[in-house]
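Novice: Kindly generate the complete structure, drawing on both the sequences and the hints.
Protein chains: 2
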Amino acid sequence: MPELDLSLPSVDLTRAVCDIPSVSDDETTLADAIFAAVSALPHLDVVRDGDTIVARTQLGRAQRVVIAGHIDTVPINDNLPTRPVVEDGAQYLWGRGTVDMKAGVAVQLKLAAELVAPRVDITWMWYDHEEVAAELNGLTRLAANRPDLFAGDFAILGEPSNGQVEGGCNGNLRAIVRTRGVRAHSARAWIGDNAIHRAAPILARLADHTPEEVEVEGLVYREGLNAVRVSGGVAGNVIPDLCEVEVNYRFAPSRSIDEAVAVVERFFDGYEVEVVDLAGGARPGLDAPLAREFVAAVGAEPRPKYGWTDVARFSALGVPAVNYGPGDPSLAHHDEERVPVAQIDAVERGLRAWLSAP
Amino acid sequence: MPELDLSLPSVDLTRAVCDIPSVSDDETTLADAIFAAVSALPHLDVVRDGDTIVARTQLGRAQRVVIAGHIDTVPINDNLPTRPVVEDGAQYLWGRGTVDMKAGVAVQLKLAAELVAPRVDITWMWYDHEEVAAELNGLTRLAANRPDLFAGDFAILGEPSNGQVEGGCNGNLRAIVRTRGVRAHSARAWIGDNAIHRAAPILARLADHTPEEVEVEGLVYREGLNAVRVSGGVAGNVIPDLCEVEVNYRFAPSRSIDEAVAVVERFFDGYEVEVVDLAGGARPGLDAPLAREFVAAVGAEPRPKYGWTDVARFSALGVPAVNYGPGDPSLAHHDEERVPVAQIDAVERGLRAWLSAP
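If you read the sequences in order, they're chains D and Z.
Residue numbering for the first sequence follows full-length UniProt numbering, beginning at 1 and increasing consecutively.
Residue numbering for the second sequence follows full-length UniProt numbering, beginning at 1 and increasing consecutively.
Worth flagging that the hints you see were computed from the coordinates, not collected in a lab.
Since the structure is predicted, the reported quantities are computational estimates derived from the model, not experimental observations.
Heads up, the beta-carbon is just placed ideally off N, CA and C, and yes, glycines get one too.
Honestly, I wouldn't trust all of these hints.
A few chain D residues that face chain Z, going by a derived Cβ cut-off under 10 Å, partial list only [stated by the list, open to error]: (1) H185; (2) S186; (3) W190; (4) P240.
Far from chain Z, by Cβ distances over 10 Å, these chain D residues were calculated [said to hold, decoys possible]: (5) G50; (6) S256; (7) R303.
Specialist: Take a look at the structure:
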């Protein structure tokens with residue numbers, strides 16, 4: 001089993017964490033390594049639930065902060081192992097997971113080991129299956145098995161935010177849009193009805209669409225509606241009777257989930273639409289006292305978060321939550337995913353300063 | 001191993017042959033049964049090459065006719081086992097393979113067993129992998145291993161032709177039309193470039209296309225250009241960087257294969273096109289003396305064949321070839337594939353009469 005040395009500098013620890021591949025549904029090796037490393041720390045109370053690991057200080061502090069990060073990544077595309085790269089004179093760590101979000105996880109692991117007496121009690125959470133359907137998310141399972149572990153006054157997700165504080169998040173909907181036809185031999189196509197040809201207007205509507213920008217509590221959320229998968233076909237000589245386009249709608253946190261469903265149904269009017277994944281967004285939540293204090297301590301300008309993150313889950317539980325982590329979210333899932341080393345260090349310094357302050 | 005009783009009436013033998021599933025690449029069970037049945041016939045010289053079986057009379061006749069049928073089918077879609085159905089007072093056998101082309105194969109097997117002294121020598125061929133790429137076709141392999149077996153003065157393919165004689169066939173081209181983009185997290189789609197959206201005009205061109213009708217030697221061939229598969233997508237939250245549309249072009253036998261490639265490249269101008277399967281058509285070939293004699297003997301009106309069939313292969317070898325088999329080709333590959341019992345009997349009578357005539 002690979003071992004993690006939490007005394008390494010954050011950038012080296014990031015590299016070690018990234019070089020243990022952990023594509024969604026294949027996180028066990030990394031989870032084992034994290035569990036072993038934090039179980040060795042006497043100041044933490046460690047609980048494991050599947051491939052999710054929770055480590056808590058129990059100092060009897062007046063307030064508790066949850067600091068969480070997912071340990072899975074999207075599929076590798078020839079971008080592991082990691083390597084150091086230099087761009088415009090700045091040092092980066094390149095490779096799958098460096099941005100989304102193993103640099104954040106590495107900083108958390110390092111601070112979990114070193115902050116034996118923080119100013120607030122801390123619940124560290126490292127969890128699985130964030131990059132796939134919401135019902136598979138490790139926090140969904142943990143919330144069912146151990147809802148008590150989510151107790152807290154404030155939560156920080158280490159999702160990439162360029163070392164800035166990003167408030168709230170867009171909601172996330174996935175749906176299958178279907179066309180149906182009639183199979184026939186492709187030599188006599190006029191007998192059948194081609195379901196793939198029937199999907200032409202679906203792709204055309206998507207290609208022509210301009211997403212909205214929606215202001216919520218002073219932050220502007222940019223929406224998105226995209227095909228993420230398309231499939232259809234039976235054999236090379238058969239007119240296909242089914243075509244499925246999977247679409248992903250990212251919607252502003254001012255929209256309810258019902259409204260998001262209505263938007264998609266209206267957009268694909270005339271087609272069969274099946275919603276397969278749905279998670280509401282989160283309003284910025286930057287008016288909470290601990291949130292204001294945290295933003296001031298790390299010296300950041302709050303921005304909107306475009307991607308759905310688990311801040312929405314904490315927000316729904318009444319725990320104000322923000323995103324704060326190294327890495328440019330524009331490069332998450334990108335083949336050229338890479339994190340500036342300076343941001344890893346800055347986030348480590350920011351969190352350490354705030355959590356250590358008297 | 002299932003056994004085939006070649007003394008059964010043709011319709012019952014058709015049923016037995018259909019109820020041994022033999023989707024392309026899974027023909028061995030049926031090939032074993034055919035091999036066992038014809039190997040028991042002392043008047044035939046039997047050769048097996050993979051799942052292709054060739055059985056020849058060696059009577060020293062002045063002329064030799066090749067009579068061939070493929071034993072594979074397209075995928076089953078809840079349409080096996082076969083069942084008898086009645087429609088408008090007529091009896092049908094319903095199920096995968098009944099039309100394309102196991103009724104034809106059953107008639108051939110029965111006549112192979114019973115015609116011990118035909119007027120011409122006969123080379124019976126039952127072969128695998130017709131419903132997939134041309135390079136997998138059992139006859140491609142046989143032509144490489146045993147080209148001598150293709151010698152003949154005339155060839156009859158038992159492909160469905162409603163019991164009529166269908167001359168020649170359209171050519172067949174398959175190509176992949178690709179769009180490329182740039183992956184990104186779907187929460188920030190504007191960073192990436194959606195390859196599926198880029199495929200919208202490909203599907204629109206296909207949906208708007210009206211195929212040509214081309215007259216060749218008095219017969220009118222109807223062309224077709226269709227998407228038969230579409231695929232694209234990486235994960236539910238990733239902007240896809242690749243979309244592939246597989247298209248199938250059926251082209252009139254007056255077009256060369258080079259011309260067919262040019263038509264497709266022109267049609268998808270601006271896109272990456274890769275031809276993955278290409279087989280030329282066959283001109284009707286009804287001016288050959290044996291062909292004229294055969295048409296007169298079975299009392300049929302020649303028609304054009306739309307689908308590509310292996311007549312093109314014989315045609316290319318200089319052996320005039322026609323399609324003659326039971327079943328409506330419009331129902332080939334159809335979920336409701338069904339063959340009129342009367343056509344099975346008529347084709348058996350037609351072939352038997354011509355082959356037995358003094």
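Novice: Confirm or reject each hint.
Specialist: Going through the hints against the structure:
| no. | hint | in the structure |
| --- | --- | --- |
| 1 | H185 | holds (4 Å) |
| 2 | S186 | holds (5 Å) |
| 3 | W190 | holds (7 Å) |
| 4 | P240 | holds (6 Å) |
| 5 | G50 | holds (21 Å) |
| 6 | S256 | holds (19 Å) |
| 7 | R303 | holds (13 Å) |
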